[in-house]
Amino acid sequence: MEALKSGRSGLVPCNFESARLDTWVGQVEDRLLGPLPAAMAAAECRNNRLAQLALGQDGFLDAVAHARRRYGARRVGLFLGTSTSGLLQTELAYRQREASTGALPDAFDYAATQNTFSLGRFVQMQLGLEGPAVVISTACSSSAKVFGSAVRMMAAGLCDAAVVGGADSLCLTTLYGFASLELLSRDPCRPFDSERNGISIGEGAGFALLEQGQAREPAGTFQLLGVGESSDAHHMSSPHPEGAGARAAMQRALSSAALTSKDIDYINLHGTATRSNDAAEDKAVYDLFGTSAVCSSTKGATGHLLGAAGIAETIICALAMSGQFMPGSANTRRLDPSLRVRYLLANAKQAPMRAMSNSFGFGGSNCSLLLGRTS
Amino acid sequence: MQVFVEGVGLRGVGLNGWIASRSILTGAAPYVPAELVLPPPDVLPPAERRRTGLPIKLALNVGLEALSGSERSSDTIASVFTSSGADGQVLHQICESLAGAERLVSPTRFHNSVHNAPAGYWSIALRSRAPSTSLCCFEYSFAAGLLEACAYCVTEAEAILLVSYDVPYPEPLNAARPIAGSVGAALLLAPLATSASFARLDVQTAPGGCSPTRMRDPALETLRSGNPTGRALPLLGALAGPIAATVVLEYLCGATLTVATLPC
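Taken in order, these protein sequences are the chains called A and B.
For the first sequence, position 43 matches number 43 in this note's numbering, and the numbering has no gaps at all.
For the second sequence, position 223 matches number 598 in this note's numbering, and the numbering has no gaps at all.
The hints are simulated quantities; they were obtained by calculation from the structure and are not laboratory data.
Just to be clear, a hint being listed does not mean it is correct.
Unchecked claim - Across the chosen pairs, the derived CB separations fall in these ranges:
#	chain 1	residue 1	chain 2	residue 2	range
1	B	Pro-482	A	Arg-340	42 to 48 Å
2	B	Gly-402	A	Leu-53	49 to 55 Å
3	B	Pro-408	A	Asp-106	27 to 33 Å
As the list claims (entries may be wrong) - Here are a few chain B residues that sit away from chain A, every Cβ distance over 12 Å (derived from the structure):
#	residue
4	Ala-395
5	Leu-429
6	Thr-597
Each residue gets a CB set at the ideal place from its N, CA and C atoms; glycine is no exception.
With the hints as extra help, turn the sequences into a complete structure.
Structure representation (structure tokens):
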């Protein structure tokens, strides 16, 4: 919260592993990524270390332990998102192949690191949960879509509470992959800037505990008001130019909450700082909201957390509501005059009552979440 | 959770479509493991078709078969794609080039490496903006996909297509994660009975204690136990038969999914 309130950016020139790329990254300092407990040594990888770091913050372990006691371990679901799980581990193993046979080193543990569910397995064990569990992997919308799955599973009676969230960690595939698409900025990314020229990749993890709402919740309780999901049906790696899929996701989120665009104060945009994403999202948001909602992308501060972006930016919306501010757009200098939404450059000292968080991913996978807070 | 089956898709080694495979699944015809036969995905524009590998083609194929008899408009049906390993060939090629000096990653390969690549091509092929999710639960990916699809179906009161697919990795990943054969399976599920529904499913989670339903044929059992999508075969076998049946699917933490099927 303090970093957001002071407008600080965590982006640094890329010095990750052996990557030789002229770009900036939002890298979590290695000294913070402690080893996993000995019993979980097989799951040792950067992604699970990041997850472990996030689980240890803000009394989250205690909150989950409380829910586990209250509902029972089998009645607490786990819905996590990641795009690349422990892929870095596989990249490193490919450098250590046995010369004559090409075999991967014996220490390589596919299930505990590379498999997309490795994150789910690790967190399930860390939290002692035995309810329904799944890892959703829809690229950059992954850890937003987990909210939709969790809500449906609770409504269908499969669990009483749910841990949602996700983790995505830096790896060479995403760094060199986005470089191959010419989508990496050489500077710290500048969402909605007239000179924006691509993304800065970040890494992170975040978690939240969802419970069924009661008629009278204590003041200050965060509410998930609505979820909207859609597909672009356009292209694998570039958004629909008119933002048609994004608009459908936002519209569905509003409909599921029985709200209209006028009810939303703040939108945390997907705002990756590529030319095409920001232009398409601007069209979609402007079509639906005009200039009634304040908008910003916080990726200039965090970088693009890919599969962890949804949970991270949902938590940013929650921080904005409880910290009574709207976050501006770190690194954005000059707003692109061709973009029309009401874009916030510097922090505003005004608490949003209801906030939307947008997450859009490769494969045209879109998700919008609506958050509120009881008064 | 109660849902109704309106369509099934199945393709795998020695399993050439749902219609052709029904008698094999019930044991009326012998199962002969044979090379996977996969027609080209005509539904994709030629440029996109060239960019797709086996897992995407397999997922599209079974998804389309499940929709083939349906009168529902295909561009409004929500979907769940589930797979343990997604596209292993793409993963292998990217890791191989990153281990080399040049580190040249092809842009197409990179965007095909996402777990939701089949869902992306599906929405492009069918021009569908309907909600779609892509998930993984390692060995239990089919069971997790079935739960996700049923929960969507009953809470949103809308039809949904479940597509499950798993294809072996190339070496050296195959040695670290062997997957038996290639299998794709799909179910078109609806919240209410219609003239198109041919079976009712009652899906429950159970804390465990029951052993999973196995395939009687040893070669089919190898496919069931060795391929995460193969875990769907006992359920498809029950749907292929004329009588009510109960199928037990393995799930996380020793739990199971019990699926009661009732022809209608």
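Cross-check of the supplied hints:
no., hint, result
1, Pro-482/B <-> Arg-340/A: 42 to 48 Å, "violated (30 Å)"
2, Gly-402/B <-> Leu-53/A: 49 to 55 Å, "holds (53 Å)"
3, Pro-408/B <-> Asp-106/A: 27 to 33 Å, "holds (31 Å)"
4, Ala-395, "holds (31 Å)"
5, Leu-429, "holds (17 Å)"
6, Thr-597, "holds (20 Å)"
Hint violations for this structure: number 1 only, all remaining hints satisfied.
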